[in-house]
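Undergrad: Sequence:
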Amino acid sequence: MILRSHRIAALFTTALAPLPACIFAGADDGDTDAAASSEGGSDGHDTTDATTSAGTGTADTSGGSGDSGGTGDTDEPPAGDVRHACPIDKPQKVYGWALDAKAVLDSDETWTPDNVYLVFGPLSVPTNLTIEAGTVVCFDYGPPGADGSGEPPAGELRMLDGGSLTANGTADAPVVFTAKSEGTEADQLYWAGISTTGLELLSLHHLEIYNGGLSAGGKPLRVGHDNGQGPAVELDEVTIYSSQHLGIELLNDKGLAPGSHLTMYNFAQEYVAKYDNEGDFADYFDHGYPVLRVNVYGASTIDANSFTVGPDAGIPAATRYVQIDHAEGAIIDRDYTLHRLQEGLAWRTASNELLSATCTIDPGTTVAIANEGTWYIGDKGGCSGPGSLVALGTADAPIRFVNDAAWSHLEPTDPAAASPGITVNSCAFADTVLDHVVFDGLGARSAATLNACNPDTDGWHGELNFLYSGDGQDREGPPVTNATFTNSFGNAIRMATGAHITSDYEDPALGNVFDGFEGDKPAICRG
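The numbers in the working numbering rise by one with no breaks, and the one at position 208 of the sequence shown is 208.
Any given hint might turn out to be false.
Label-pair distances were calculated between CB atoms; the ranges are [as the list claims (entries may be wrong)]:
| no. | residue 1 | residue 2 | range |
| --- | --- | --- | --- |
| 1 | Ala171 | Thr112 | 32 to 38 Å |
| 2 | Ala397 | Gln473 | 26 to 32 Å |
| 3 | Gly329 | Asn305 | 30 to 36 Å |
| 4 | Leu510 | Ala397 | 15 to 21 Å |
| 5 | Thr127 | Asp100 | 16 to 22 Å |
| 6 | Val390 | Ala171 | 37 to 43 Å |
| 7 | Gly217 | Ser107 | 41 to 47 Å |
| 8 | Gly145 | Gly329 | 36 to 42 Å |
| 9 | Thr486 | Gly259 | 51 to 57 Å |
| 10 | Asp515 | Thr394 | 19 to 25 Å |
| 11 | Pro311 | Leu99 | 43 to 49 Å |
| 12 | Ala257 | Gly329 | 53 to 59 Å |
| 13 | Asp396 | Asp515 | 36 to 42 Å |
No wet-lab data here; the hints were simulated from the structure.
This one's a predicted model, so the numbers in the text were calculated from it and none came from an experiment.
Beta carbons: idealized from backbone N, C-alpha and C, even for Gly.
I would like the entire structure built from these sequences, with the hints used as guidance.
TA: Next comes the structure, spelled out in structure tokens:
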């Protein structure tokens, strides 16, 4: 991130009266006390459009550029950018890359509401950090060269292996993490967020995070892969406002602890505006900007109660999905569940997944199949594990498998939006069951090897694909009942040459509906 010269100068002569010469260094041997003086006025919330007190003051009715504007309801935060000003009436404790300050916590500490805590650049925490209710922590850039960076590094809280972060906020006195910047340019309003390796304990209660995450370096909250070794993350009434990066990552295997509740409100207005047209929304999608990215094994801990997007949130439609994360082509050997999410949010696969366990999907759930990744149930060849997909919807709440078009703002018929279908190996037939499901806009060519029914349609695949049995034996396919196949790029169901499947999925007794299949594009393709 390139910062203008006046911004760099401001790093060395901050508006903090008690620190008239806040010269930065890489010291980590103590914190600095000072009488408080900072921009932003008294402790409270403000926006780029109007002053507000999030949850308690007057809501901004000017509206954001993502969803509809604010409602004026004082119980809801505004749709525009929301900031929280640093207190000016409290003593300061200075950390990070500042003179005589700690860049690494070398012992356990408790931060209290009678101080305001200023973090310049990154602060590493390999110990136990406890923050009491009502405490405000403000983050700002460190000096050029700090932390080995030629550019001024953004404020950041880095949790290291062996450390823990406990925020003991309450409904009446939340803990607040916010940006401390007297600048007004877009890149001056944000800090890099909280990052962990995934092994640390995060126990966050009534924490509000303002302006965290940077498009070029960090998210408001990033929890790393932990190979199942780390604890679940406790997010008890954690609220994120005005993220610039547009989402968070929970890549730990255990996901969220029971009883967690995370709410995301408005993304940064300048970033919403930047991509607020059909031509640019794909950039959100292609560069991985979901509202939440979650480990496949932690997916079971995410539902409409644990993770929500606030009303009038100013969050672009192109980011309103929860991305299922795993290594490309990884074998998934532990069961997981995809729960129904808040209305308007969908799960999205991100790359080829080889399911050698059971994935269960709740009624009413929407799953978007990535346009470059196929969901293999029972591996894509050789049956290294049986695998199964259990998708039992209802007439009132069917399960939907769709393409990316609704989130990428591409037309469903655009080849760039073409998503492959779901591929089921014969070893997964016995335990896979699909009832009251909708396949909508799938069937593009994928990595699965399926011979074409028609030589002129080599780019076609099925919305649902059944692979070669490998043993030449006749067998029934998995039960597919009360299913709807529509807007397909290819066939509804494709069976590879030699699959030897005896099931007649067009039998009216099964209740399946095939919409738009005729002529050289039959609903059922037997290769």
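Undergrad: Hints first: check each against the structure and report whether it holds.
TA: Status of each hint after checking the structure:
Our hint of 32 to 38 Å for Ala171 and Thr112 is violated, since their Cβ atoms are close to 19 Å apart. Between Ala397 and Gln473 the beta carbon distance is about 37 Å. The supplied range of 26 to 32 Å is therefore violated. Between Gly329 and Asn305 the beta carbon distance is about 32 Å. The supplied range of 30 to 36 Å therefore holds. Checked against the hint of 15 to 21 Å, the pair Leu510 and Ala397 passes, with Cβ atoms roughly 20 Å apart.
Evaluation of the 16 to 22 Å hint for Thr127 and Asp100 yields a pass: the beta carbon distance comes to about 19 Å. Checked against the hint of 37 to 43 Å, the pair Val390 and Ala171 passes, with Cβ atoms roughly 39 Å apart. At about 28 Å, the beta-carbon gap between Gly217 and Ser107 misses the expected band of 41 to 47 Å. One distance hint, 36 to 42 Å for the beta-carbon pair Gly145 and Gly329, holds here, with the actual separation near 41 Å.
Checked against the hint of 51 to 57 Å, the pair Thr486 and Gly259 fails, with Cβ atoms roughly 39 Å apart. Look at Asp515 against Thr394: about 20 Å separates their beta carbons, and that is inside 19 to 25 Å. Here the CB-CB span from Pro311 to Leu99 is close to 45 Å, well matched to the stated 43 to 49 Å. Distance hint check: the CB atoms of Ala257 and Gly329 are about 30 Å apart, inconsistent with the given range 53 to 59 Å.
The beta-carbon spacing between Asp396 and Asp515, approximately 20 Å, falls outside the hinted interval of 36 to 42 Å.
Against the hints set out earlier in the document, violations occur for numbers 1, 2, 7, 9, 12, 13.
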